[in-house]
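Number of protein chains: 2
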Amino acid sequence: MMPERQLVEKIARALPSGRRGPSRLRLGIGDDAAVLSPGGRTDWVLSCDTFLEGVHFRVKTHPPDSVGYKALARAVSDLAAMGATPRFFLLTLALPSSRIGPWLDAFLQGMDRAARELGISAIGGDTTRSRAVFVSITVLGEIAPSRALTRSGARPGDIIYVSGKLGRAQLGLELVRRGHASNRQLRALLQPHLYPRIRVELGSWLARHRIARSAMDLSDGLSTDLARLCAASKVGAKIYARRVPSVVIPAAVARKLSKRNLDPRQLALHGGEDYELLFTVSPRQAKKLSRAPGAAAITPIGKITRNRHLILVAPDGREQRLQSQGWDPFR
Amino acid sequence: MMPERQLVEKIARALPSGRRGPSRLRLGIGDDAAVLSPGGRTDWVLSCDTFLEGVHFRVKTHPPDSVGYKALARAVSDLAAMGATPRFFLLTLALPSSRIGPWLDAFLQGMDRAARELGISAIGGDTTRSRAVFVSITVLGEIAPSRALTRSGARPGDIIYVSGKLGRAQLGLELVRRGHASNRQLRALLQPHLYPRIRVELGSWLARHRIARSAMDLSDGLSTDLARLCAASKVGAKIYARRVPSVVIPAAVARKLSKRNLDPRQLALHGGEDYELLFTVSPRQAKKLSRAPGAAAITPIGKITRNRHLILVAPDGREQRLQSQGWDPFR
Numbered sequence: 000m001m002p003e004r005q006l007v008e009k010i011a012r013a014l015p016s017g018r019r020g021p022s023r024l025r026l027g028i029g030d031d032a033a034v035l036s037p038g039g040r041t042d043w044v045l046s047c048d049t050f051l052e053g054v055h056f057r058v059k060t061h062p063p064d065s066v067g068y069k070a071l072a073r074a075v076s077d078l079a080a081m082g083a084t085p086r087f088f089l090l091t092l093a094l095p096s097s098r099i100g101p102w103l104d105a106f107l108q109g110m111d112r113a114a115r116e117l118g119i120s121a122i123g124g125d126t127t128r129s130r131a132v133f134v135s136i137t138v139l140g141e142i143a144p145s146r147a148l149t150r151s152g153a154r155p156g157d158i159i160y161v162s163g164k165l166g167r168a169q170l171g172l173e174l175v176r177r178g179h180a181s182n183r184q185l186r187a188l189l190q191p192h193l194y195p196r197i198r199v200e201l202g203s204w205l206a207r208h209r210i211a212r213s214a215m216d217l218s219d220g221l222s223t224d225l226a227r228l229c230a231a232s233k234v235g236a237k238i239y240a241r242r243v244p245s246v247v248i249p250a251a252v253a254r255k256l257s258k259r260n261l262d263p264r265q266l267a268l269h270g271g272e273d274y275e276l277l278f279t280v281s282p283r284q285a286k287k288l289s290r291a292p293g294a295a296a297i298t299p300i301g302k303i304t305r306n307r308h309l310i311l312v313a314p315d316g317r318e319q320r321l322q323s324q325g326w327d328p329f330r
Numbered sequence: 000m001m002p003e004r005q006l007v008e009k010i011a012r013a014l015p016s017g018r019r020g021p022s023r024l025r026l027g028i029g030d031d032a033a034v035l036s037p038g039g040r041t042d043w044v045l046s047c048d049t050f051l052e053g054v055h056f057r058v059k060t061h062p063p064d065s066v067g068y069k070a071l072a073r074a075v076s077d078l079a080a081m082g083a084t085p086r087f088f089l090l091t092l093a094l095p096s097s098r099i100g101p102w103l104d105a106f107l108q109g110m111d112r113a114a115r116e117l118g119i120s121a122i123g124g125d126t127t128r129s130r131a132v133f134v135s136i137t138v139l140g141e142i143a144p145s146r147a148l149t150r151s152g153a154r155p156g157d158i159i160y161v162s163g164k165l166g167r168a169q170l171g172l173e174l175v176r177r178g179h180a181s182n183r184q185l186r187a188l189l190q191p192h193l194y195p196r197i198r199v200e201l202g203s204w205l206a207r208h209r210i211a212r213s214a215m216d217l218s219d220g221l222s223t224d225l226a227r228l229c230a231a232s233k234v235g236a237k238i239y240a241r242r243v244p245s246v247v248i249p250a251a252v253a254r255k256l257s258k259r260n261l262d263p264r265q266l267a268l269h270g271g272e273d274y275e276l277l278f279t280v281s282p283r284q285a286k287k288l289s290r291a292p293g294a295a296a297i298t299p300i301g302k303i304t305r306n307r308h309l310i311l312v313a314p315d316g317r318e319q320r321l322q323s324q325g326w327d328p329f330r
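Going down the list, the sequences are from chains A and B. Note that numbering that gives the first Met the number 0 has the first sequence beginning at 0, numbered continuously upward. Note that numbering that gives the first Met the number 0 has the second sequence beginning at 0, numbered continuously upward.
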């Protein structure tokens, strides 16, 4: 099976690409978003994201307002990863006639809440009929010229940081899969999967103050996304398993769940959809991070290396290759 | 069943809309595209369009290169309708694993050809797995500030024009439905359905020289789209059946087809997907149209009226209401 990365490369090779195109394009296919320079005091950052019934969510298990909320939130996460301020979005919505009533109302309520929290307005879209619910969202954000954070700026010696605790969304998904989506007692544990928080302020701060040398959002799991950042920057990385901030599974919840796939460290290394930020900072700049929004939730987990391998240092000090085991829709 | 218009209104009401938003938005939900003013020497025009297996095309009957070509062409048609010059696009592609091989190659070849003809470059996108092929495209175009053509500018007394002959795409669709998609003898008749020509130059000329007062593209049939233009402009229209330029069905072809639905005048009034331009011009400006690109293919078909009805004048001079009988995915 062809992984998604190869598919994207195939598409990029086949089409006339903005990369070679007019000077107004600063960044084309391959990063979290594209960057356009209309020539004024701002650059525009654009990205699109798809959210599909049967692949990313299930109508039977996911509350419709969470589908609307998350569809927009995850699209905006690509803007946060570039350091851009969210401004506008276009909504493409294909859905069966049976979903036009109460389901759509709740979906739109969730999306409205996300839009208000993220400060983004709808400016257009397209609707059509389909068998399954299909959501595609294009987001536009603004950033000062040349300040966009990319995946390709990491350099050997940079310290690697993540925001938040990793694996929380995967734990939420495991709870949903086991039929606990509406369990009010588990609400706090479900929230990262159903209503992910997006690090817009942190991304914007890192870009504005030129603190981060590279950044991306963690959508497909640390082991997969770190490999992408390193590939784009032509570097390697060494991370310490002990330092990766992991989800905490309360004992009462652990008893409810089968043990399979629920090692917190495995969830943190490979679990997808956290939408936290992964970024690198030169050692000289590192102390400034204490002034970042949500500074307490930022953790150094390792270093960028010249050697292009991804190394995981186990708690006992042994080094091993970090294999990408995150989410790939085509795997 | 709720028609698409009501669905769009429901969505627009539910979400924070750019319409009330920051001053940089010139035009939000409801026209062919949104218009943003980044403050420089150009406005950005944005639109998205969906092209879905089982709704807009069938994998068994439509050549894959035509699916790629048309998906991009129809999206660009929204830019042409605003008078914008196509520049960039983002491609969202969801497809089954079985379509990643030769089908995708041919799809991308068709899209590449459309992109080169239309002068537009890919700058990003998203891919995922799905059961059916789903294409969503966001296009960006440029236009001089405040020159974008809208649906809402028509005034009583304006002359109504269309480009090209109408009903050609519907005739092509009828041929495809009857199994003639690969019939080389019918190539010229199939082309408007499989590889629609987009009126980018005409739209751009009408906007640049401030000739048109209102415009849109004919995607869902004249009777449906004229009603939309009149509703947006709060006017009515009177059109003359005799003047509407209709597809010509060669006698040899007519014999091959059942007669049902194939009255050229009906195809011209209600057939969808012609992607020709519908626009209005004040009588004082009308003579300038002789200098338009493709001027010979522009035809006056009636007038905008203060009375908000849509009237069709039959060849015998009798007047009747023009009912919208075009394409609506939710009807």
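These are computed hints drawn from the structure, not numbers from a lab. Quick caveat: nothing in here was measured; it's all calculated off a predicted structure. Be a bit skeptical, because a hint or two may be false.
Here chain A is said to cover these stretches of chain B; the calculated rule only asks that three of the stretch's residues, wherever they fall, bring their Cβ under 8 Å from a Cβ of chain A [claimed, not checked]:
| hint | segment |
| --- | --- |
| 1 | 78–91 |
| 2 | 131–143 |
| 3 | 237–246 |
Ideal Cβ positions, reconstructed from N, Cα and C, are used throughout, including at glycine.
For each hint, the structure was consulted:
1. 78–91: As far as the segment 78–91 of chain B goes, the hint holds, because 5 residues have Cβ atoms under 8 Å from chain A.
2. 131–143: Three-residue rule met by the segment 131–143 of chain B, so holds; n is 5.
3. 237–246: Coverage by chain A is violated for the segment 237–246 of chain B (0 residues, Cβ < 8 Å).
In summary, the one numbered hint that this structure violates is 3.
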